[in-house]
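Q: Listed here are the chains, written in short residue letters.
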Amino acid sequence: MAILEVKGLKVYFHTRNGVVKAVDDVSFSVDSGETLAIVGESGSGKSVTCYSLLDLLPKPPARIEGGTAFFDGEDLLTCSPDRMRHHRCNDIAVIFQDPMTSLNPFLTIGEQLIEPLIYHPDKSLIQSRSKARERAIQLLDEVGIIDPDSRFDCYPHEFSGGMRQRVMIAMALITKPRLLICDEPTTALDVTIQAQILKLIKKLQQTHEVAVIFISHDLGVVAGIADKVLVMCEGTIRETGNTDSIFYRSQNEYTKKLLAAIPSGPKKLESRVKPENLIRVSHLKTHFNDYSKQKIDGKYSQIKAVDDVSLNISRGEILGLVGESGSGKSTLGRSILQLVPNTAGIVNFGADQLTGLSPRQLVPWRRRMQMIFQDPYASLNPRMTVYETLSEPLLYHGLANRENVLSKVSELMDEVGLARGHMRKYPHEFSGGQRQRIAIGRAIATKPEFIIADEPVSALDVTIQAQILDLILDLVESHNLTMMFISHDLSVVRYISDRVMILHQGVIVEEGKTEELWANPQDPYTQNLLRSIPIADPILERARIENI
Amino acid sequence: MRYSHNVYLRFSDSVKLTSSTLFKGIALFGLLMVLTSCGTSENNVATGNRTGTLHWGNGTEPQSLDPQIATGVPEHHIISSVMEGLVGKDRKTLMPIPAVAESWEVSDDLKVYTFHIRKNALWSNGDSHTAHDYVWSWWRALQPALGNLYAYMLFPIDNAQQYYEGEIENFDQVGVKALDDYTLQITLGNPTPYFLQLLDHYSLFPVHQTTIEKFGAADERGTRWTYEGNLVGNGPFSLSDWKINRRIVVEKNPLYWDAENVKLNRIIFYPTENVTTEERMFRAGQLHVTNDIPADKIDVYRTQKNPALHLAPYLGVYFYRVNINTPHLSDRRVRRALAMSIDRESLTRNIVKAGETPAYAITPPGTIGYQPPQELGFDPEGAKQLLADAGYPNGDGFPATEILYNTNEAHKKIAVAIQQMWKKHLNIDIQLLNQEWKVYLASESAGQYQVSRAGWIGDYVDPNNFLDMFLCGGGNNRTGWCNEEYDRLILEVAPAMKSHKERLAIFAKAEKMLLDDMPVLPIYIYASKRLIDPSVKNYDSNLLDQASYKDIYLDGESPVTMQVDK
Amino acid sequence: MKQDSLSQSEIIEEDGSSLWNDAWIKLSKNYLALAGLGILILLCVVSLLTPWIAPYSYEQQNLDLGATAPSLQHWLGTDIFGRDMLTRIMYGGRVSLMVGFIATAVALVIGILWGAIAGFYGGRLDAVMMRIVDILYALPFMIFIVLLMVVFGRNILLLFLAIGAVEWLTMARIVRGQVMSLRNQEFVEAAYSLGLSQWTIIRRHIIPNTLGPVIVYTTLTIPSVMLLEAFLSFLGLGIQPPESSWGLLINYGVETMEEYPWLLIFPGVALSLTLFALNFLGDGLRDALDPRTSKD
Amino acid sequence: MFRFALGRLFQAVPVLLVVITVTFFLVHSAPGGPFDADKAVPPEVLKALEAQYNLDQPMWQQYLSYLGDVVQGDLGPSFKYSGRTVNELIGAGLPTTAELAFYAMLVALGVGITAGVTASMRPNTMQDYIPMSAAMIGICMPSFLLGPLLVLIFGIHLEWLPVSGWGDIPGDKILPSITLGTAYAAYIARLSRGGMLEVLTQDYIRTARAKGLSEPVVIAKHALRGGLIPVVSFLGPAFAGLLGGSFVVETIFQIPGLGRFYVQAAFNRDYTLILGMTVFFSTLIIIFNLLSDMLAIWLNPKLRQEIRGSN
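Residue numbers (this note's numbering), protein chains in the order written: chain A, 1 to 548; chain B, 1 to 566; chain C, 1 to 296; chain D, 1 to 311.
Source of the hints: derived by calculation from the structure; they are not laboratory data. Note that the Cβ used here is the ideal one computed from N, Cα and C, for glycine as well. Any given hint could turn out to be false.
What the hints assert, rightly or not - Quick partial rundown of chain B residues pointing at chain D, CB under 8 Å, derived from the structure:
(1) R91
(2) S240
(3) R246
(4) E273
(5) A442
(6) G475
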């Protein structure tokens, strides 16, 4: 029997520039104890759909234009604010994507946990603080928080990402809801943590007998967890059906495209590695003062972000650097490029030593080595047009002059696949993928020999991700680039790299030719990492989860 | 399409609720404040009338209540309520009346004064009050280390100046003698017709030796003897409270010799620097008497025929100094032209407004019967001619000239008006330069100015007080003007005159010399401006703007009568 | 590398065009901001033309006329010297607008540079620079003004200097705060990795991104500068009678607000009009200079 | 936290030293001396006075002895208020000014936060425009205009409240507090609106709503804490500004506070009083900035822990 029945839901955004049909005629139903996955890329309307059920959309600009959403025989879209509070408090709970921002940093997690109980809209259901505390601690224990009694009074920043998400889950369950909406609950987490959290959700769903709506862009994750799948794109439903039929027997073009875009398998291109070391790093250390700890003998203790790393990169090679958050992979990249001061060690570019050069002396080298940043939103100056962003390095390094700068910029745009007509637009007018193209354009503008790409596709949708990866491969080919490709995503690294290094807590735990390492990982950490990757195949994925 | 993930928020439907909780807090705070305000509906004036308390706007915070250190008018008001000299002044005519001295004799050569001190005069702590107190007080007043700016008030006394300047060292040679406990004999160097008036000036008031010595050396400045609780005086009131910048309270002194005729129980002096505020305080019934009135308010009170308005001539002159050492101003024709093209009638009527009279001489007319020469009236044509004679026909070639004044709205207004008058009548360019008080003083005494605003308030009613300003090199001259004949008339001839009339004639002659040369441009004679609640009785405006606190009484009951001051 | 200096100058020119061109296009669609701009332009034009269009002389007195309420002869009444208020407000606007804009510009330039440098380099330089700001905050302003006046004489330039000297302090603090949060942004790191000099980064990447709060603060600063000018003029540093400014007119108007309310109301209206025009224009500019606001 | 405060205070020492030094030479080089008066001061009197206040010594000697006194907490005698020490004068004015500043701050916070929060709840509606336009006017409305206006309305015409004084007549503290607080209320309104708007877009607010919390709880418990941090950082400078900027209000309302002393001292060239007040005010500014920083840290659990850790 369906616990939630949505019919013909329409949510439009009324902006100054016209109406955007965020959700257009969406219908679905969820049964008790069932998991419905809503899959789609960013902007597909999957989150808006769910938020509209709980009246969590900002109005204006959002407006619900039509449809019904019956929960227990009551239409959520038209009920009074009081009834809505009642539902939020009793029946429906949400787990949000980013546990970092979704928890109030100013309040202890305990306080946030018990709030729904002590401020319950139904006066008779209000519980005393001590009772609520008991229940919260019991739940914290259940979601796997160690020593819940003392952790109850800690603040969110004192937890790691995975633990925070566990707290979020406990918070969602504390009201004993019948429907749980999980909005990309593992997207912000490392793969190993993701596996744990998914398992936890699955387990809890069974013990608490809740219906789950699971929103995700990651088909691998969905494959293992969902009973039914709903594929959305541009506000409309493209396909709906049970998990196996969607993954194995999809008739829809869009679904097929999504599935095809998932990077899998080994690198397809021939390696062009030349037997010449372009970058040589020996015993590199980058330490920071740890301001959060007490000074000892007048000195701060050190965070060893990069600890005694030695590596070589050959000309033409793509080296994949894999690590989870906090492993020091970004710091290593920045250290090699001399963007952060090195504590010890030597970095050589070709025959020349980079360490010890003054910023002024580094200027000619900067032209020869570049960086692509993870977040295409933050790495572009919001007040500079594409033209300005791309022309700046050209003019600054004397690679173009006033007469030919326009044509040079146009060429660059062609190369990275941007329409020339967009030259005078600002970064915010582009989608994430296009922005990353701009950032890549800026990086190759100076005709560098060496590029460090720091998670260049992590923030992108899967279809876009594939395009950008292909673009990078093309450019490496055509520009004879050497690259260090940093990522947490093992499938992506496998798809692009010639050689892989696994970084853990500032130290390289394993390295080797990509396929060799894949086939035969030696280090337990690497093994665990590889095991944690979700597979976009329901049968394999279910089996994988069982085995963890 | 771009819905950034952080815009999914819902703005409240229950805004009213939230703001109401916040408003509750505010309301509580407001309520607290208002509650404290609901104590009484009676204002100061009404309360004061009931309890015999006079609320007096006193201008600025006094800098000292030591009569031999203090210099200002606000200080004067307070000191004269807590102390008294040998001789007082009639509150209307300003003629000398007995005070601590019940009587006195003057020798035939007008040089020896013998005072008989009341036997019932006491210090406010009960100590007896004798002639020796005066000898000691004046000895103190003449100690250079004390830094008494009014030491010169004692100089008419024989050898006082010599003692002060260190020429003689023995104070016994100074002409002050206590013949016995209650008889004081004073010998003057020259006959000084205004000497009795000086005795009512606070610098000649007696001070209480034991108290002063209790808190420091006799000639030490800034000891705590003038604080509330410490100060011992001999006046109708005694100091009971002094809160800096807030108020000074004096209470009736039961030991005062004339205590039975003192009607007020208490006077509270408020420092009221801001004239506008003071006027509002008066209107709100917080003051009985104000120190001043904003010029623009005077018309309002006048039109209303408001009985509170008290305007009266005041012994002071507002004038411009001209720096004789400025090349183009060294020509006295130029100075006379400047003087003749100021329309003082219009200025006093339209700008200063408080009944000030146009001044054509430096001495206020009517000063103990003295009538100064008045010849340079408003004559733009004559002025133009004079300027042409001096080489500036129609103002051509006249260098740009600056009027210096200290920062003050009233001075500015006058300067603006005169600037325009000179522009209009003489076609010369005038610039205004205002400087902050101390800078202005420094500029003026260093002679770094061309034309400078000035004022002089008489300390005693005698032409000498005005005319000796312009002696050669005198500290208050500052114009660079010097005339030996003038000096001789003021310093030697006038004091030697036998009769009052002859003496005045000499002053008139001297003043004529001054006005012929015009190193100063007299503008108007001051007026005292006060708002006085009709319940204040026995207050009489006089030339020195000096109230007689012992006579004042408050009567809020009697019907308001129109008071006409003049 | 030999082309370096040449190419940098080109960057500057390019920089000038795009953001500001786009801002202008966007501004021209914001009617409130346009109205503000229109009012400001009108005020400036009137100020410029005042000597030719003013109905009366600003210094000609008529003492016997005195202060009169608005009438057909004197639309905005006369002051106590019998001078036409409309004329005086027009002349006062010349002074106030000039002082307001120039002195604010001085404060703006010093404040932005100081704050940007302190915030960008951080560390010891920042500490020293901000301590200097602290010290300047603490010094007795009035003594400082009097001394300035005595040492340099009376000079309108000094007025700008004095006002700039006070107003840049807050500006520097605001900009510093902004810069400190900006300097860790990835696009600054990207610029750094391109090998741009620090100065270029500050100028091209940091400062343009601090414009929002700076503009808002500026629109608040201009009116307060106009009032500060009145205070300084009163102390003798600024302009001297018979010239006047809005601030001085208001100052005087407050004294007589009961007797001659028009002496306060009309200069007050002039100043408020400027204030609101600036506010609308400022908000408009802030939005226009932020490319991100266009599509929401 | 303690060590953090100590460190900051330690940093303040050189700042204070420079302030004292610069001010010392500034005031001594300003034209006009403390004893210049309308009527010429005889040279012998001037000499006696200067000798008494050590003004006849070489400048550096005066400077050093002054520094020595300041270190011992003695700010010297006032030149103008004969017989009063600077410590005594500050002691006399401080309670009043502090009280005034405190009430003004209450007004500023009460009105400012209410207006700011109200406006932030419905941005770009009348509920936003009206309080924010009022704030705009409030910021630019000089207190020399606002004070008299309030006095005329509430003191003279309505006769509700006294027109001047401080603690003399019941209710005389209301108008000055409002006059002084208004400009700051306006600033705080803008700051809290900005802060709230930013916080209200945070994910954790959405989380709180999704939990079924009522809107008042969401605002008061979840949003205010973060939204008011800009206001908290502003409190230090604001309090310093209130203390130092109360001169105009003190003059309008005849309030016996420090502001009047300061300005009078500057006009009188009362060297010791100017210096003393400057030292005092700079110390206060430093302390209040420190306090507001500490409050901001305390409000933020993460910073709080970092500071605690560094102890």
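Q: Decide, hint by hint, whether the structure agrees.
A: Hints and how they fare:
1. R91: Violated: closest Cβ of chain D sits about 26 Å from B/R91, beyond 8 Å.
2. S240: 16 Å, violated
3. R246: Result: holds, 4 Å to nearest chain D Cβ.
4. E273: Nearest chain D Cβ about 7 Å off; hint holds.
5. A442: Holds: closest Cβ of chain D sits about 4 Å from B/A442, inside 8 Å.
6. G475: 3 Å, holds
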